[in-house]
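Heads up: the sequence lines are chains A and B, in that order. For the first sequence, counting from 1, position 63 maps to 63 in my numbering; every step adds exactly one. If you want my numbering, it's the position in the second sequence, counting the first as 1, plus 252.
A couple of the hints might just be wrong.
[As the list claims (entries may be wrong)] Cβ-Cβ distance ranges computed for the label pairs, FRET-style:
#	chain 1	residue 1	chain 2	residue 2	range
1	B	K473	A	E241	54 to 60 Å
2	A	N211	B	W541	53 to 59 Å
3	A	R53	B	E530	31 to 37 Å
4	A	E241	B	K558	49 to 55 Å
5	A	R61	B	L272	35 to 41 Å
6	A	E38	B	F284	34 to 40 Å
7	B	N527	A	E107	23 to 29 Å
8	A	T56	B	T597	18 to 24 Å
[As the list claims (entries may be wrong)] Simulated coverage check for chain A against chain B, where a stretch passes if three residues somewhere in it have a Cβ under 8 Å from a Cβ of chain B:
#	region
9	39 to 48
10	61 to 69
11	73 to 81
12	136 to 142
13	191 to 198
14	222 to 228
Hints are computed from structural coordinates only; laboratory data are not their basis. Note that the coordinates shown come from a computational prediction; the quantities given were computed from them, not determined experimentally. Backbone N, C-alpha and C define an ideal beta-carbon position, used for all residues, glycine too.
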Amino acid sequence: MNSSRRYFLKVAGLSTFALAAGAARAEAAEASYEAYPEGLKAHRWAMVIDTRRIQTPEDMRPIVEACHKVHNVPDIPAPREIKWIWDDTFEHAFANDPDPMLPENIENRRFFLLCNHCTNPSCVRVCPAGATYKTADGLVAIDYHRCVGCRFCMAACPYGSRSFNFQDPRPFIKDLNPAYPTRMRGVVEKCTFCAERLEKGLMPACVEASNGAIMFGDLNDPNSIVRRVLSKNFSIRRKPELGTDPGVYYII
Amino acid sequence: MVEKVLKGSPKYYIWLLFLLAIIGYAFIVYVFQLIYGLQMTGLTRNTSWGFYIAQFTYLVGVAAAAVMLVLPATFHHYHPYHRVIVFAEFLAIGAVIMCMLFIVVDMGQPQRVLNIILHPTPNSVMFWDATVLCGYLLLNAVIGWTSLEHESRHVPVPRWVKVLVVVSIFWAFSIHTVTAFLYAGLPGRHYWLSAIMAARFLASAFCAGPSILLLSLLLLKRLSGFDPGKSVVKSLSITIAYAMGLNMFFYVLELFTAFYSGIPGHAHPIVFIFNGHEGLNVWLNGWMWFAVVLAFASIFLLAIPKFRNNMKILPWALVMLIIASWIDKGLGLLIGGFSPTPYETYEVYTPTFWEISIGLGIFAVGALVVTLLWKIALEMKREGGEPFELAE
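Construct the entire structure; sequences and hints are all you get.
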């Protein structure tokens with residue numbers, strides 16, 4: 001009895017010590033991370049797409065390729081395709097604004113679709129593992145190593161912005177970019193607003209490839225390019241009535 | 253108590269071997285799914301949930317159904333149910349285990365399933381669903397086991413078990429409400445974004461679950477001679493009739509809102525699952541109409557006492573009800589939720605042979621669990637001297 005109690009106290013004491021040491025180590029590790037000094041900073045990153053300047057699949061292809069190449073997005077055929085940025089018609093892109101009397105130039109125009117990086121993202125709300133989360137500067141990000149692949153976020157996203165790796169994506173990457181990680185089978189992925197480029201002081205890949213037709217900046221800064229453009233041009237967003245507060249604006 | 257599963261008739265062993273064979277086959281298929289990923293299913297980018305999640309949803313209802321016996325027995329002291337309550341609780345255990353397995357096989361990274369516990373996210377309904385399901389499994393296991401043990405030894409059930417029983421009643425309602433919330437809180441999924449979803453889920457659970465239980469009890473009577481008693485069959489079938497009536501009424505409420513308001517978002521999914529879209533989804537449309545016919549036939553037979561109390565007709569009415577609710581709350585619900593897609597396009601989802609194989613394996617696991625637990629319950633009752641035949 002006595003010896004077992006002593007044993008218990010010993011184990012309990014050691015465990016407490018181990019826990020405390022672990023906690024201290026975790027704290028130390030957290031403090032060791034620091035943002036790059038050259039990183040771009042914002043309170044709420046947002047995107048404005050001038051759809052008057054990017055209209056045709058020819059205009060769009062280099063932009064999609066720039067994104068998909070830098071992020072190792074695999075080229076998998078539908079209906080299990082992976083896409084971060086792609087294009088569709090007005091009717092599909094703005095499905096909640098049906099307009100049978102669309103002018104011809106709008107009807108023939110293609111519109112970029114990508115993650116809206118919502119202020120109130122329903123995908124983040126539903127994720128059971130904390131694998132998809134919102135960053136302080138307004139990005140919706142995914143931790144590919146924590147994602148359990150339940151696809152609740154795909155059901156929750158009203159924009160169809162998320163893709164699931166139904167298979168190992170690596171054989172489908174034509175031209176591997178070793179500077180960016182590839183994903184594995186069984187996790188969800190999507191546009192990241194190029195978080196990895198912003199932190200190094202670079203604009204998102206699509207913005208860079210768009211010759212100024214896609215603008216990117218801080219929505220909370222009245223002097224940012226996005227605010228200046230939006231104050232002079234009428235813009236719409238996809239399904240704003242759902243309350244998600246999407247961060248991608250379309251100038252029509 | 254556990255040793256009771258070892259002794260049985262040759263028929264019992266053949267049944268167990270049969271189930272084990274299916275489980276073994278499904279396990280091999282699942283290993284392939286683990287290696288090759290969910291491309292082995294019919295799921296796509298736009299229809300990202302299907303057969304697995306449909307079965308999960310349906311089986312949560314089956315698990316919750318035990319409350320339809322526990323509640324009258326506890327709050328209204330309806331004694332006839334005491335004889336069979338343990339079977340309902342053990343059926344619930346089998347159902348919850350199947351639910352969990354269906355969730356796991358649907359995951360892209362099942363080995364990370366503990367992330368749900370390691371990184372708890374109270375904002376996610378899925379987190380709560382996992383929590384309440386685990387809790388419900390535990391409640392039923394503890395309650396079922398201890399009551400069975402005490403009853404067979406003719407000692408009164410301890411007080412703390414009675415407290416747990418009351419907790420389990422509320423818990424049963426919660427598991428299916430939370431499951432409905434998985435669907436009913438998603439913006440942009442027209443078919444699911446409905447306040448009556450949880451009520452519909454509960455109504456369909458309280459008719460389908462007791463139907464499965466009652467059918468199994470009737471089968472048990474044939475196999476073992478254990479008679480659930482006329483009053484159990486009678487009261488349970490009345491419960492089933494009322495719940496099915498409510499279930500169908502709630503669906504009509506959905507139809508009214510969708511079609512009288514004329515709002516396309518509400519109407520489109522319903523039109524799609526019943527009528528397709530420009531020639532798409534022929535197979536589901538037939539199924540949905542089949543479900544409607546079966547639903548009306550079963551409610552007709554269950555509502556009229558002459559048919560309901562006829563032991564030749566009742567099992568058929570129950571089978572029809574189970575199939576109808578399984579289609580409505582299974583693939584009908586899932587496919588209607590994913591088409592139209594966020595781009596107002598339509599897509600055909602058809603489960604693959606492999607998907608159905610794995611599903612069958614999980615059903616076999618459920619059947620195995622329920623068989624073993626019921627076997628124990630039966631032998632304990634026999635040992636305790638409870639009469640198998642009832643003179644009524």
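Now the hints, each set against the structure:
A hinted range of 54 to 60 Å for the beta carbons of K473 (chain B) and E241 (chain A) is consistent with their spacing of about 56 Å. Taking 53 to 59 Å as the suggested C-beta distance range, the pair N211 (chain A) and W541 (chain B) conforms, at roughly 54 Å. Under the hint 31 to 37 Å, the C-beta atoms of R53 (chain A) and E530 (chain B), about 34 Å apart, fit the expected range. For the pair E241 (chain A) and K558 (chain B), the supplied restraint of 49 to 55 Å holds, since their beta-carbon distance comes to about 52 Å.
The given range of 35 to 41 Å is broken by R61 (chain A) and L272 (chain B), whose C-beta atoms sit roughly 55 Å from each other. The beta-carbon spacing between E38 (chain A) and F284 (chain B), approximately 48 Å, falls outside the hinted interval of 34 to 40 Å. Taking 23 to 29 Å as the suggested C-beta distance range, the pair N527 (chain B) and E107 (chain A) conforms, at roughly 27 Å. Distance hint check: the CB atoms of T56 (chain A) and T597 (chain B) are about 21 Å apart, consistent with the given range 18 to 24 Å.
With a cut-off of 8 Å between beta carbons, the region 39 to 48 of chain A has 0 residues touching chain B; three or more are needed, and the interface restraint is violated. Residues of the region 61 to 69 of chain A with a Cβ under 8 Å from some Cβ of chain B number 0, which does not satisfy the need for three, so the listed coverage is violated. Beta-carbon proximity to chain B at under 8 Å applies to 4 residues in the region 73 to 81 of chain A; the threshold of 3 is reached and the given coverage holds. Beta-carbon proximity to chain B at under 8 Å applies to 0 residues in the region 136 to 142 of chain A; the threshold of 3 is not reached and the given coverage is violated.
Judged by the Cβ-Cβ criterion of 8 Å, the region 191 to 198 of chain A is not covered by chain B as claimed, because only 0 of its residues qualify and three are needed. For the region 222 to 228 of chain A, the proposed coverage by chain B is not satisfied: 0 residues have a C-beta within less than 8 Å of a C-beta in that chain, short of the threshold of three.
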